[in-house]
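Chains as they are written, first to last, in the numbering used here: chain Y, 16 to 214; chain B, 16 to 214; chain W, 16 to 214; chain S, 16 to 214; chain X, 16 to 214; chain A, 16 to 214.
A few of these clues could be false.
Intra- or inter-copy, both count: the list cannot distinguish identical chains.
As the list claims (entries may be wrong) - Within a straight-line C-alpha distance of at most 30 Å, the following computed DSBU-like cross-link-like pairs (lysine-lysine) qualify:
#1 K50 - K192
#2 K66 - K163
#3 K50 - K158
#4 K127 - K192
Everything labelled a hint here was simulated from the structure, so no lab data went into it.
Chain by chain, the residues run as shown.
Protein chains: 6
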Amino acid sequence: EKDSYQGNEFAGVVTGLAWTEVGGEILYVETSLSKGKGGLTLTGNLGDVMKESAVIAMEYIKAHAEALQLPSDIFERWNVHVHVPEGAIPKDGPSAGITMATSISSGFTQRKVRKDVAMTGEITLRGKVLPVGGIKEKILAAKRAGIKEIILSADNRKHIEDIKDIYLSGLSFHYVKTLQEVLDYALLPEKIDNPLNII
Amino acid sequence: EKDSYQGNEFAGVVTGLAWTEVGGEILYVETSLSKGKGGLTLTGNLGDVMKESAVIAMEYIKAHAEALQLPSDIFERWNVHVHVPEGAIPKDGPSAGITMATSISSGFTQRKVRKDVAMTGEITLRGKVLPVGGIKEKILAAKRAGIKEIILSADNRKHIEDIKDIYLSGLSFHYVKTLQEVLDYALLPEKIDNPLNII
Amino acid sequence: EKDSYQGNEFAGVVTGLAWTEVGGEILYVETSLSKGKGGLTLTGNLGDVMKESAVIAMEYIKAHAEALQLPSDIFERWNVHVHVPEGAIPKDGPSAGITMATSISSGFTQRKVRKDVAMTGEITLRGKVLPVGGIKEKILAAKRAGIKEIILSADNRKHIEDIKDIYLSGLSFHYVKTLQEVLDYALLPEKIDNPLNII
Amino acid sequence: EKDSYQGNEFAGVVTGLAWTEVGGEILYVETSLSKGKGGLTLTGNLGDVMKESAVIAMEYIKAHAEALQLPSDIFERWNVHVHVPEGAIPKDGPSAGITMATSISSGFTQRKVRKDVAMTGEITLRGKVLPVGGIKEKILAAKRAGIKEIILSADNRKHIEDIKDIYLSGLSFHYVKTLQEVLDYALLPEKIDNPLNII
Amino acid sequence: EKDSYQGNEFAGVVTGLAWTEVGGEILYVETSLSKGKGGLTLTGNLGDVMKESAVIAMEYIKAHAEALQLPSDIFERWNVHVHVPEGAIPKDGPSAGITMATSISSGFTQRKVRKDVAMTGEITLRGKVLPVGGIKEKILAAKRAGIKEIILSADNRKHIEDIKDIYLSGLSFHYVKTLQEVLDYALLPEKIDNPLNII
Amino acid sequence: EKDSYQGNEFAGVVTGLAWTEVGGEILYVETSLSKGKGGLTLTGNLGDVMKESAVIAMEYIKAHAEALQLPSDIFERWNVHVHVPEGAIPKDGPSAGITMATSISSGFTQRKVRKDVAMTGEITLRGKVLPVGGIKEKILAAKRAGIKEIILSADNRKHIEDIKDIYLSGLSFHYVKTLQEVLDYALLPEKIDNPLNII
Ligand SMILES: [Ca+2]
Ligand SMILES: [Ca+2]
Ligand SMILES: [Ca+2]
Ligand SMILES: [Ca+2]
Ligand SMILES: [Ca+2]
Ligand SMILES: [Ca+2]
Ligand SMILES: [Ca+2]
Ligand SMILES: [Ca+2]
Ligand SMILES: [Ca+2]
Ligand SMILES: [Ca+2]
Ligand SMILES: [Ca+2]
Ligand SMILES: [Ca+2]
Chain Y
16 EKDSYQGNEF
26 AGVVTGLAWT
36 EVGGEILYVE
46 TSLSKGKGGL
56 TLTGNLGDVM
66 KESAVIAMEY
76 IKAHAEALQL
86 PSDIFERWNV
96 HVHVPEGAIP
106 KDGPSAGITM
116 ATSISSGFTQ
126 RKVRKDVAMT
136 GEITLRGKVL
146 PVGGIKEKIL
156 AAKRAGIKEI
166 ILSADNRKHI
176 EDIKDIYLSG
186 LSFHYVKTLQ
196 EVLDYALLPE
206 KIDNPLNII
Chain B
16 EKDSYQGNEF
26 AGVVTGLAWT
36 EVGGEILYVE
46 TSLSKGKGGL
56 TLTGNLGDVM
66 KESAVIAMEY
76 IKAHAEALQL
86 PSDIFERWNV
96 HVHVPEGAIP
106 KDGPSAGITM
116 ATSISSGFTQ
126 RKVRKDVAMT
136 GEITLRGKVL
146 PVGGIKEKIL
156 AAKRAGIKEI
166 ILSADNRKHI
176 EDIKDIYLSG
186 LSFHYVKTLQ
196 EVLDYALLPE
206 KIDNPLNII
Chain W
16 EKDSYQGNEF
26 AGVVTGLAWT
36 EVGGEILYVE
46 TSLSKGKGGL
56 TLTGNLGDVM
66 KESAVIAMEY
76 IKAHAEALQL
86 PSDIFERWNV
96 HVHVPEGAIP
106 KDGPSAGITM
116 ATSISSGFTQ
126 RKVRKDVAMT
136 GEITLRGKVL
146 PVGGIKEKIL
156 AAKRAGIKEI
166 ILSADNRKHI
176 EDIKDIYLSG
186 LSFHYVKTLQ
196 EVLDYALLPE
206 KIDNPLNII
Chain S
16 EKDSYQGNEF
26 AGVVTGLAWT
36 EVGGEILYVE
46 TSLSKGKGGL
56 TLTGNLGDVM
66 KESAVIAMEY
76 IKAHAEALQL
86 PSDIFERWNV
96 HVHVPEGAIP
106 KDGPSAGITM
116 ATSISSGFTQ
126 RKVRKDVAMT
136 GEITLRGKVL
146 PVGGIKEKIL
156 AAKRAGIKEI
166 ILSADNRKHI
176 EDIKDIYLSG
186 LSFHYVKTLQ
196 EVLDYALLPE
206 KIDNPLNII
Chain X
16 EKDSYQGNEF
26 AGVVTGLAWT
36 EVGGEILYVE
46 TSLSKGKGGL
56 TLTGNLGDVM
66 KESAVIAMEY
76 IKAHAEALQL
86 PSDIFERWNV
96 HVHVPEGAIP
106 KDGPSAGITM
116 ATSISSGFTQ
126 RKVRKDVAMT
136 GEITLRGKVL
146 PVGGIKEKIL
156 AAKRAGIKEI
166 ILSADNRKHI
176 EDIKDIYLSG
186 LSFHYVKTLQ
196 EVLDYALLPE
206 KIDNPLNII
Chain A
16 EKDSYQGNEF
26 AGVVTGLAWT
36 EVGGEILYVE
46 TSLSKGKGGL
56 TLTGNLGDVM
66 KESAVIAMEY
76 IKAHAEALQL
86 PSDIFERWNV
96 HVHVPEGAIP
106 KDGPSAGITM
116 ATSISSGFTQ
126 RKVRKDVAMT
136 GEITLRGKVL
146 PVGGIKEKIL
156 AAKRAGIKEI
166 ILSADNRKHI
176 EDIKDIYLSG
186 LSFHYVKTLQ
196 EVLDYALLPE
206 KIDNPLNII
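Using the sequences and the accompanying hints, generate a full structural model.
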């Protein structure tokens, strides 16, 4: 059976959309911080390109720490672990980029992630959000899982417009050009309950 | 021949359930600590996904040290070695996640593991327990080995309910949603005899 | 569909030309700096030869720091991350050499990159620019993307002269023998708006 | 031709039993210590599982240093090298576990190894000795090599009892459940002649 | 088309001779130094044996620093990067050994390389120069490229003598037995214009 | 054509015997020392087992420094590089063990190697010399190369005795059981001319 949306009570947990052999699926990206010296650990049976997405996300956040109101030495004091359940399923591709960046940002800021939202999009190092494939399958999976809003690249707008309206009912779309727009929208100003004292 | 349950006199030794080509089997996860600087060694002919389970377990425990009443600097003072006998058998998959987390937690706390219990379940970084496959075969193996109680994901309840009652006699089931529930239940308050002085 | 030129508002972002199975394409090389100890990270699904291009570019810039008016200790104080979107496409070959060198140089100097320019050419460690293949396909891609000027090796002049004039209208060519000529031409004297304080 | 037993004049040299394509064979595990910082080197054309045996043995000895009357800082002051001749023959499997643990223990304590003894058995991290395969072939090899006593897992007793008595004449068997029993029996109280000054 | 000789204005750039599927070719070995701690970087799509040649060359130069009038601590203060253009062509084999050693030596001493000279020969760690294959093809390539003199192993003299005189007109040969002879001959006493201040 | 013996003027250069597809051959093992922190570099297109021989040799020498009158801290002050020409030929197997140990010992002591001698034999960590294969082919190669005396394992005596006397004329054999016997015999008491100042 398929997964359903799981709420937004945790910092660092963000809902993404994947496109697999058996159709679209939602996935979760989880970030956990532990005291350390800036190590980055990636788990979840991830392929090289998906691992690179996490490296790019981390680099972007380091270079834009100020925009997230993070002190620049914070990255030398914590280890970052990014995990994508479920371990039995190999995962790859760049489309989890914005999900990973949002997950790591939420982990560091302990800010709550917007409710009922999923996202899909490749990031570049300068913070551009590129379009991704499998849009129709991803939309169906999101709807089935109870997602109400989807963040994706403005360059994917045409792919949404190609889908029959009946499949889109109950879903709204938030188109973005930059990662900064993703973070501004997906990260709520308030922190989660019982936030970690990261900064 | 098949293995049988071996008691709970050691800290860090926890009974898991595996599903192999020749059917279900019990397995043991062993954790040993030695003075060091936070190294993690994994042995037992483990595949990449199973190794990731140990990394996730370790990270969860670091991030939740307080809940286990562990000082946060403890992880820099000990090396952790997790082993799964038997070396001739290749092992993989995420289903040993909760077993590994319980084993490492018992190793650090030196708390006794609940008697006659086996467990199976994938963990995520935020501490969710995911359902796993091969439930029927694992149940049969557990019974044959003398196990009396099994800890598993609430999402596996339906798989247990699909099994004929005759196979379940003498077994009870403890369903969990989070790793914290596993640890609360499987780790007894008392320490083993002659505990190591870890903290 | 094909990409189009994206302007020059970012430091460290330089337009290159690639030759793939489906014809010519433009690509972007992005450099981002973060405080560190001189690490070099390369992402974008790059093959070994393309990674070597970045290593050679970095080495050249270190050895010629003075010509870029960079203090020689700068390379020990920053980590350099070079990324080539898009992650789903494997990329290889030496022809991005001058693009990478220009990207890294712009990242360190925060100087603006000349507008409407793309480039292709292999670099050697001493700073020679070698000719590359696929010139015709690259030219067509550049034109389609809105590029107006192309920097390439003087040894590629004959390949341009073999192309019918009709395909070249609206394009000018800047032939170079050395990387220094590339940097002198492609990096404008002024910095981007809101430059990082690197030096 | 086949090897024969070579005496017990060296610390760190212990006789094991292997089962290869051409039947049973004796093998030697050699441990040498040199001043260092705790490195572990493994040679002898060993497969991954056999290397893991050495890692497990080393970890067990570190965790049970007191039982061997070794100061706990000793492991940071010496490098351990474990070698299994002959280099032309690939070797693998877990059955050399107790031989490796005895070899390393003898190396650190400089205690003499019991004469005319060979051994075979997998170890676990908690010090359990597991049964191994190929028992009949190993027994024949041991006898041919002049071995008089064999140490093996109590769970291999049934395999010995299945062998005709005529093949067992002149051999005695020492069954064990734990590695501690192996060490207590196989390591004599006296040191070799001209022991190294390790402690 | 084929490459032609490029002069001797750079320190660290030395002309070698390679033998490829498409016949003989000249190649350049380039050495660049940057401040560091003794790292050695090798690029140019080099196979393992060719990389070993650079390691051997570096070791020889370290062990014979005095003969080059280099202070012995110099190797801890600089990183060495050896590159062989062109990146698209895989290169392997030991025959670039003397070329690499001459290139690195010129890089450290900033001494000019003898004009119009190419070389080919394997080096050993003690500084012997071994003969190499493909001599005829290499000679033809050298002549075509405008080379006037070739340095090679005395043990290759017979291969030169087997070539018809007509192919050798305009070329002279400098036979050597040791790397020291190569360096004494190929490195001119004077430094290049605007030498780096290495020592 | 085949190689011939090259004298004994260098410390660290020792003649070995190899058995290849094209028959027996002599080979040279070269050791060079450079100031460092105990690194070990191995070159010459060596397979894993042959690399292990060098590691075992190095370990033996460290553990028996006193017998060679070497101060025990010497190994932390020098890097050791062992090379086996010729790079184009892949080499593997354990039979160069005693040659490598003699080469490294000569490198550290700067003692001259006995003239006109070649050797072949596997070493173990405790210093035993094991017999090797291909004896007849190796003997023929040694004779052809001008070797007068061959050091080999006492367990290879029977293989020599199986060879017709006519092939053995002019050769003498020095049989050994231990590496110490090899070193005592093959390393002359005097140093080479112009020895390095190692100790
Ligand atoms: Ca799923
Ligand atoms: Ca994807
Ligand atoms: Ca079993
Ligand atoms: Ca499993
Ligand atoms: Ca594209
Ligand atoms: Ca290319
Ligand atoms: Ca044998
Ligand atoms: Ca075995
Ligand atoms: Ca060429
Ligand atoms: Ca070559
Ligand atoms: Ca030869
Ligand atoms: Ca060999």
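Each hint, compared with the structure:
1. K50 - K192: between (34 Å within a copy, 26 Å between copies)
2. K66 - K163: Within. Shortest intra-copy distance 28 Å satisfies the 30 Å Cα cut-off; inter-copy 36 Å does not.
3. K50 - K158: The answer is neither: 38 Å in one copy and 42 Å across copies each exceed 30 Å.
4. K127 - K192: Both: 22 Å inside a copy, 22 Å across copies.
Against the hints set out earlier in the document, a violation occurs for number 3 only.
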